[in-house]
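Student: Top line first, the protein sequences correspond to chains H and W. Note that my numbering has the first sequence beginning at 27, numbered continuously upward. Note that my numbering has the second sequence beginning at 4, numbered continuously upward.
FYI, nobody ran anything at the bench for these hints, they're computed from the structure. Since this is a predicted model, take the numbers as computed values, not measurements. Yeah, the Cβ is synthetic: ideal placement off N, Cα and C, and Gly gets one too. Any given hint might turn out to be false.
Straight-line distance between alpha carbons at most 27 Å, and here's what the computed DSS-like set of lysine-lysine pairs gives [as the list claims (entries may be wrong)]:
| hint | chain 1 | residue 1 | chain 2 | residue 2 |
| --- | --- | --- | --- | --- |
| 1 | H | LYS275 | H | LYS231 |
| 2 | H | LYS29 | W | LYS67 |
| 3 | H | LYS232 | H | LYS269 |
| 4 | H | LYS456 | W | LYS45 |
| 5 | H | LYS350 | H | LYS101 |
| 6 | H | LYS350 | W | LYS8 |
| 7 | W | LYS45 | H | LYS29 |
| 8 | W | LYS9 | H | LYS415 |
| 9 | H | LYS350 | W | LYS67 |
| 10 | H | LYS422 | W | LYS45 |
| 11 | H | LYS190 | H | LYS144 |
| 12 | H | LYS232 | H | LYS162 |
| 13 | H | LYS39 | H | LYS415 |
| 14 | H | LYS415 | H | LYS457 |
| 15 | H | LYS30 | W | LYS67 |
| 16 | H | LYS231 | H | LYS290 |
| 17 | W | LYS67 | H | LYS38 |
| 18 | H | LYS190 | H | LYS161 |
| 19 | H | LYS414 | W | LYS67 |
To give an idea of the interface, some chain W residues facing chain H are shown, with a C-beta separation under 10 Å as derived from the structure [what the hints assert, rightly or not]:
| hint | residue |
| --- | --- |
| 20 | MET5 |
| 21 | PHE18 |
| 22 | PRO22 |
| 23 | TYR28 |
| 24 | ILE30 |
| 25 | GLN32 |
| 26 | GLU36 |
| 27 | THR46 |
| 28 | LEU53 |
| 29 | PHE65 |
| 30 | GLN78 |
This is what each chain is made of:
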Amino acid sequence: MEKKLFERPFIKKLQAGMPSKFGMKSQAEPITHIDNVPVPELLAEHGSPLYVISEQTIREKYKQARQAFTTRYPKVQFAWSYKTNYLDAVCRIFHQEGSWAEVVSGFEYDKALQNGVKGSQIIFNGPDKTDDDLKKAIENDSLIHIDHFDEMYSIIAISENSGKRPKVAIRVNMDTGVYPMWDRFGFNYENGDAWDAINRIMINKKLDLVGLHTHIGTYMLASNAYKVAAGKMADLAFGIERKYGVNIKYIDVGGGFASRNTLKGAYYPGSDTVPSFEEYAEAISSAILNSELNPRNLPTLILETGRALVDDAGWLLGTVIANKRLSNGNRATIVDVGINLLFTSFWYEHEVYPAAPVSEHMEETTIYGPLCMNIDVLREAIAFPLLKKGDQFVIKRIGAYNMTQWMQFITLRPNVVLIGLDGKVHVIRKKENMELIRQQEVVPDHLK
Amino acid sequence: MMQIKKNIALSNTGFVFNPTTGDSYTINQVGQEILGYLSDNKTVEEITSLMTTTYDIDQASFEKYFFDFISMLRQFELLDENYEN
Ligand SMILES: Cc1ncc(COP(=O)(O)O)c(C=O)c1O
Numbered sequence: 027m028e029k030k031l032f033e034r035p036f037i038k039k040l041q042a043g044m045p046s047k048f049g050m051k052s053q054a055e056p057i058t059h060i061d062n063v064p065v066p067e068l069l070a071e072h073g074s075p076l077y078v079i080s081e082q083t084i085r086e087k088y089k090q091a092r093q094a095f096t097t098r099y100p101k102v103q104f105a106w107s108y109k110t111n112y113l114d115a116v117c118r119i120f121h122q123e124g125s126w127a128e129v130v131s132g133f134e135y136d137k138a139l140q141n142g143v144k145g146s147q148i149i150f151n152g153p154d155k156t157d158d159d160l161k162k163a164i165e166n167d168s169l170i171h172i173d174h175f176d177e178m179y180s181i182i183a184i185s186e187n188s189g190k191r192p193k194v195a196i197r198v199n200m201d202t203g204v205y206p207m208w209d210r211f212g213f214n215y216e217n218g219d220a221w222d223a224i225n226r227i228m229i230n231k232k233l234d235l236v237g238l239h240t241h242i243g244t245y246m247l248a249s250n251a252y253k254v255a256a257g258k259m260a261d262l263a264f265g266i267e268r269k270y271g272v273n274i275k276y277i278d279v280g281g282g283f284a285s286r287n288t289l290k291g292a293y294y295p296g297s298d299t300v301p302s303f304e305e306y307a308e309a310i311s312s313a314i315l316n317s318e319l320n321p322r323n324l325p326t327l328i329l330e331t332g333r334a335l336v337d338d339a340g341w342l343l344g345t346v347i348a349n350k351r352l353s354n355g356n357r358a359t360i361v362d363v364g365i366n367l368l369f370t371s372f373w374y375e376h377e378v379y380p381a382a383p384v385s386e387h388m389e390e391t392t393i394y395g396p397l398c399m400n401i402d403v404l405r406e407a408i409a410f411p412l413l414k415k416g417d418q419f420v421i422k423r424i425g426a427y428n429m430t431q432w433m434q435f436i437t438l439r440p441n442v443v444l445i446g447l448d449g450k451v452h453v454i455r456k457k458e459n460m461e462l463i464r465q466q467e468v469v470p471d472h473l474k
Numbered sequence: 004m005m006q007i008k009k010n011i012a013l014s015n016t017g018f019v020f021n022p023t024t025g026d027s028y029t030i031n032q033v034g035q036e037i038l039g040y041l042s043d044n045k046t047v048e049e050i051t052s053l054m055t056t057t058y059d060i061d062q063a064s065f066e067k068y069f070f071d072f073i074s075m076l077r078q079f080e081l082l083d084e085n086y087e088n
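Model the full structure from these sequences, guided by the hints.
Tutor: Next comes the structure, spelled out in structure tokens:
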């Protein structure tokens with residue numbers, strides 16, 4: 027006789043009064059497959075934990091975003107924000123779809139080149155560009171977004187010894203009515219610094235001012251902030267046209283659209299509060315189209331959207347190590363995924379699902395990672411099904427920032443696989459091993 | 004031997020009611036069966052043997068979950084602690 031599936035015995039007191047803040051909707055609905063590939067198969071083949079990326083989801087998300095903007099504005103260009111996820115396979119999907127690259131370091135810059143992006147389609151942001159980085163970017167006709175005056179003068183100095191005329195934009199920060207204001211990057215709009223930078227570039231004549239850039243923050247829940255930002259950028263562009271007779275080629279509004287993850291401490295789930303691509307697109311496009319800019323000569327709109335394009339395309343699969351009861355009687359579940367692999371658990375209340383069907387019973391649980399550190403908490407208090415040692419689970423919407431901000435801490439980083447459009451599973455980053463780590467270390471002779 | 008308080012009502016739809024305190028509880032299938040065996044005065048060994056025959060679980064793992072469950076019952080004061088074997 028076939029034996030019945032065992033679920034750990036469980037009893038829960040029924041509380042009178044209000045259901046929890048998310049109503050009675052349970053999260054016990056399992057995620058058994060990703061793009062039709064069974065989760066147990068993925069884990070058996072590639073080990074636990076495991077990052078899984080869906081090529082299909084990336085392409086779908088990208089098409090949704092592009093559609094939202096191109097139906098509202100005539101000239102739109104996406105630039106893939108490398109820091110969000112710079113695994114080559116992921117970048118190449120975005121580039122195939124038509125994205126340029128947005129990078130913030132020499133390392134990311136070289137990665138973009140190696141991924142086949144033309145120099146003239148690389149946007150170089152960030153406060154830390156070395157002279158060597160700048161030389162290379164000037165040589166390749168890349169779009170250099172100037173962060174501060176020191177950088178502007180470095181570029182001018184370098185250009186004097188090169189036959190090239192650097193193509194630059196300035197990064198502008200501004201008050202868009204949201205707090206905190208990201209004013210540490212670029213030149214401020216309200217206090218006149220942005221105009222000061224523009225004037226110096228125009229008067230100096232050695233640099234080609236091709237664009238204006240801003241990035242007002244990340245996970246921005248207010249689409250109106252983009253309306254304010256795009257309006258101020260259009261005003262600057264119009265001012266340049268009027269004063270110098272120069273048409274700015276593009277306005278780059280950066281990234282920052284929220285993914286549908288729920289922020290820690292948020293009262294409503296992200297899926298209910300996050301604006302759609304359409305809402306963001308409407309806010310930005312209408313602000314530029316309604317500005318004083320000549321409609322026959324509009325600048326290209328560049329978007330550096332990161333998390334909103336890739337978060338949904340990533341899953342983190344893992345296995346339960348143990349169940350425990352804390353001293354106050356609360357349930358703790360320890361899993362093989364720690365904050366070393368899920369950096370975004372500092373920001374988000376990530377959704378965790380069982381990988382196989384379970385009963386409807388849920389217990390308030392704290393989910394801990396395997397690291398010997400008090401901060402290694404994936405979820406503080408989640409209504410969670412009764413998983414046992416060895417049971418598998420799936421963490422949803424983790425494609426952004428985790429595969430770049432992960433830590434090699436206490437243990438090694440696992441495999442990353444991509445499920446291709448053909449349904450085949452490809453390893454796109456091999457799990458680390460001892461040899462790889464030791465290769466980087468040098469033991470001095472006296473310690474041998 | 005553990006014993007469930009005599010006046011505890013157990014429904015076969017997975018509800019437990021404690022008339023002394025007025026508290027009710029939900030319980031899953033496995034918990035329900037264990038509670039049933041406890042009210043039938045079965046011993047830990049008997050329960051383990053019954054459960055490991057029906058369910059896909061080994062003896063050591065079952066005992067671990069069983070004693071954890073017992074401590075939950077104790078916390079909810081559903082066990083008759085005065086019961087002497
Ligand atoms: C300049 C710039 N562009 C784009 C992004 C991507 O942002 P997001 O992932 O919020 O869309 C960032 C992230 O901080 C950024 O600093």
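Student: Checking against the hints above, which ones are violated?
Tutor: Per hint list: 4, 5, 8, 10, 16, 20, 22, 27 and 28 violated.
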